[in-house]
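> What follows is each chain in one-letter form.
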Amino acid sequence: MKIEKKIHPKDTMSSEERIQAAVNLQTPDRVPVAPLFYYFVANYNNMSFAELYDPVKYFNGLSCVFDELGPWDAHYFVNAYDKELIAFVIPMKLLEPGEELPENTMRQFLEAEIMTPDDYEWIIEEASKIRSLAYARLVIERLIPRIWPDAVPRGWKAYKAMIPLITRNTLLLKREIERWRKRGVTPLHQFAFEAAFDTFSLARGLIEFSKDLSRYPDKVIKASDALTESYAFLIKATCRILKVKRAEIFVHRSSNDFISPRQFMKFSLPSLKTLVEKLAQDGISSILHCDGNWDLNLELMREFPAGRVVMQCDGTSDIFKAKEIIGDRVCIYGDVPANLLALGSPAQVDEYCHRLIEQVGKGGGFILGSGCELAPNAKPENVKVMMQSVVKYGYYTQSKE
Amino acid sequence: MSDEIATLIAELEESKTLEAIRKSLREGEDPVVLIESLRKGMETVGERFEKKEYFLSELIMSAEIFKQGVALIEPHLKTTEEKPSKTVVIGTVKGDIHDIGKNIVATMLRCVGFNVSDLGVDVDPRAFAEEARKAGECIVALSGLLTVAFDSMKETVSAIEEAGLREKVKIMIGGGAVNEKVLEYSKADAYGRNAMDAVRIARDLL
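Read top to bottom, the protein sequences are chains P and G. Start counting at 1 in the first sequence, then tack on 2, and there's your number in the numbering used here. Start counting at 1 in the second sequence, then tack on 36, and there's your number in the numbering used here.
Hint data in this document are derived by calculation from the structure and do not stem from the laboratory. Since the structure is predicted, the reported quantities are computational estimates derived from the model, not experimental observations. Some clues are possibly wrong.
[As the list claims (entries may be wrong)] Result set (BS3-like, lysine-lysine): computed pairs, CA atoms no more than 30 angstroms apart in a straight line: (1) 190(G) with 386(P); (2) 95(P) with 103(G); (3) 217(G) with 381(P); (4) 386(P) with 223(G); (5) 213(P) with 223(G); (6) 275(P) with 87(G); (7) 364(P) with 12(P); (8) 52(G) with 224(P); (9) 323(P) with 87(G); (10) 221(P) with 95(P); (11) 224(P) with 88(G); (12) 213(P) with 76(G); (13) 88(G) with 76(G); (14) 213(P) with 103(G); (15) 223(G) with 381(P); (16) 103(G) with 52(G); (17) 184(P) with 162(P); (18) 88(G) with 275(P); (19) 59(G) with 213(P); (20) 275(P) with 364(P); (21) 221(P) with 52(G); (22) 184(P) with 245(P); (23) 221(P) with 238(P); (24) 87(G) with 268(P); (25) 217(G) with 364(P); (26) 95(P) with 268(P); (27) 190(G) with 381(P); (28) 88(G) with 221(P); (29) 52(G) with 268(P); (30) 224(P) with 268(P); (31) 268(P) with 76(G); (32) 87(G) with 213(P); (33) 213(P) with 95(P); (34) 176(P) with 275(P); (35) 268(P) with 103(G); (36) 52(G) with 213(P); (37) 386(P) with 217(G).
[Said to hold, decoys possible] Partner residues are not named here, just some residues of chain P that face chain G (Cβ under 7 angstroms, in silico): (38) 258; (39) 262; (40) 345.
Even glycine gets a Cβ: it sits at the ideal position worked out from N, Cα and C.
All chains should be built: construct the whole structure from the sequences, respecting the hints.
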């Protein structure tokens, strides 16, 4: 469905055209804004966190935020209405609100060894058999059954448990996306995935994985490579199903908070670059969810194909430096920090958004967003100021050309 | 040999460091000297981390080698009267169960000679105050990844104040979203962005 509706009176582009222009490093009519909402929706609507798993309640809650504090340009969703599917983004054991945790406590992940060193071998051996399915097989047959041993059996039997969940979530997302499109809001991405290196880091646990990098570096590299084709296959398929040309790829563990630029270049970048290039050949842009500090990886990110990659910053990287170093090749996205939205004043949020729009938004290639997920305890007045800043300062025709 | 051990651990040579320790022990080297060389090597690791030559994964690997090295040496150590080291009471604050950063900070503090009392995760403000009372003059290190941790950090500082311990106790905070603003909000004494910051701050505070 093509988006016709304009979300602000002075807009000359649809939200889809605006987001895609920014991704392509062009100058849209104004700076687009696309925050990631999750727990804030519950807090704002007096819902429990556990209720966010209910697609109707989540949609209605988010609609209420949209009507009262929005609008925004893109629907940036957390793609799981069943907790088992979270493993595609964060393959870790987790504690859930309303289950292991009190109702209004955020979901928390446990550093446990979900993946073993033998799994590297399995990936290298097995992946070479059916390359396009290697990643799905790793997650469905091995990781999810270890995270949820009571709900999902191991091996091939896991598909019996997982296929209905994957189908249900895909249909729910498809419907949700269409409803947002009708409101003039474009989907930011397809079904999101964690990149290979980062999947290993999360599933092995930070301590064990740090040792792996020293003890079996070659296995880590070979296993990452072995998964690349299957990532491309899955991403292309989900892009087709949800009719989006942008892929959300999480790289939670590739920042300089965890690894050195040397390790990034050796372990994480090669398979990520191959994946981005494979997707670019199909006209799909990659949105890299770059949590943590990436300052020393920036130069290396110049290796990505120009105009095909978005760097999403969470408030930890120097976003202004990112614009300077890679702004001519990579669209910059972010980064109103959680602590500013939770503890700052509306004037401080306004000032920061203004600075982002003026400096990082200069010439286009910029999407305003929250640093990672919008802080669950963000002050609503701060969120509103952030949304309005693109109208106040963001029109290129007025102030930027 | 002891200098070699310091160099090997600083270079993150796991098997070579452990082999050098085994060899030194066989040759009758003083185990205290060997522990000291491991510590010296860890100081070099810390310096490289500060200079951004090493990053967290290297810090973790060095701590792993340190741990294995100490395990080899320990059975050879004679019990001696050691002067008590300074205490850091550490924990992840109430409402937050993330412990990886807290564990790394605790390990690094132990590596440089602090006595670390680790209260675990989701720690009640009163438990921090109680442990600080037992420790006397000490540092309380509060860890938290989530933004909800800001309030728990503030409550913990208040609990320590209410227990009448604020004069004796220095409080440092750290983790994910902690910055100057959170420091101001929580009324702690200092904040750190990483494990080596924590070591530097702990040394400065005492």
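> Indicate, hint by hint, whether the structure satisfies it.
Here is how each hint holds up against the structure:
1. 190(G) with 386(P): Roughly 27 angstroms between the alpha carbons, so the hint for residue 190(G) and residue 386(P) holds.
2. 95(P) with 103(G): 26 angstroms, holds
3. 217(G) with 381(P): 15 angstroms, holds
4. 386(P) with 223(G): Judged against 30 angstroms, a Cα distance of about 28 angstroms means the pair holds.
5. 213(P) with 223(G): Cα-Cα ~37 angstroms, so violated.
6. 275(P) with 87(G): Between residue 275(P) and residue 87(G) the Cα gap is close to 28 angstroms, so the pair holds against 30 angstroms.
7. 364(P) with 12(P): 19 angstroms, holds
8. 52(G) with 224(P): Holds - the C-alpha atoms of residue 224(P) and residue 52(G) are around 26 angstroms apart, at most 30 angstroms.
9. 323(P) with 87(G): The given pair, whose Cα atoms are some 20 angstroms apart, holds under the 30 angstroms limit.
10. 221(P) with 95(P): 24 angstroms, holds
11. 224(P) with 88(G): Since the Cα atoms of residue 224(P) and residue 88(G) sit roughly 27 angstroms apart, the hinted pair holds (cutoff 30 angstroms).
12. 213(P) with 76(G): It holds: about 21 angstroms lies between the C-alpha atoms, which stays within 30 angstroms.
13. 88(G) with 76(G): 19 angstroms, holds
14. 213(P) with 103(G): OK: residue 213(P) and residue 103(G) at ~13 angstroms, within 30 angstroms.
15. 223(G) with 381(P): This hinted pair holds, its Cα atoms lying about 21 angstroms apart.
16. 103(G) with 52(G): 15 angstroms, holds
17. 184(P) with 162(P): 34 angstroms, violated
18. 88(G) with 275(P): Since the Cα atoms of residue 88(G) and residue 275(P) sit roughly 24 angstroms apart, the hinted pair holds (cutoff 30 angstroms).
19. 59(G) with 213(P): OK: residue 59(G) and residue 213(P) at ~24 angstroms, within 30 angstroms.
20. 275(P) with 364(P): The hint holds at about 26 angstroms.
21. 221(P) with 52(G): At roughly 21 angstroms apart (the allowed maximum being 30 angstroms), residue 52(G) and residue 221(P) satisfy the hint.
22. 184(P) with 245(P): Holds - the C-alpha atoms of residue 245(P) and residue 184(P) are around 14 angstroms apart, at most 30 angstroms.
23. 221(P) with 238(P): 27 angstroms, holds
24. 87(G) with 268(P): 20 angstroms, holds
25. 217(G) with 364(P): Holds: residue 217(G) and residue 364(P) sit about 28 angstroms apart, inside 30 angstroms.
26. 95(P) with 268(P): 28 angstroms, holds
27. 190(G) with 381(P): Between residue 190(G) and residue 381(P) the Cα gap is close to 18 angstroms, so the pair holds against 30 angstroms.
28. 88(G) with 221(P): Roughly 26 angstroms between the alpha carbons, so the hint for residue 88(G) and residue 221(P) holds.
29. 52(G) with 268(P): 23 angstroms, holds
30. 224(P) with 268(P): The hint holds at about 11 angstroms.
31. 268(P) with 76(G): Distance ~29 angstroms between residue 268(P) and residue 76(G) Cα, so the pair holds.
32. 87(G) with 213(P): 22 angstroms, holds
33. 213(P) with 95(P): 20 angstroms, holds
34. 176(P) with 275(P): Measuring from Cα to Cα gives roughly 28 angstroms; hence the hint holds.
35. 268(P) with 103(G): 27 angstroms, holds
36. 52(G) with 213(P): 15 angstroms, holds
37. 386(P) with 217(G): 21 angstroms, holds
38. 258: Hint holds; residue 258(P) Cβ to chain G Cβ min 6 angstroms, cut 7 angstroms.
39. 262: At 4 angstroms from the nearest chain G Cβ, residue 262(P) passes the 7 angstroms test, so the hint holds.
40. 345: 5 angstroms, holds
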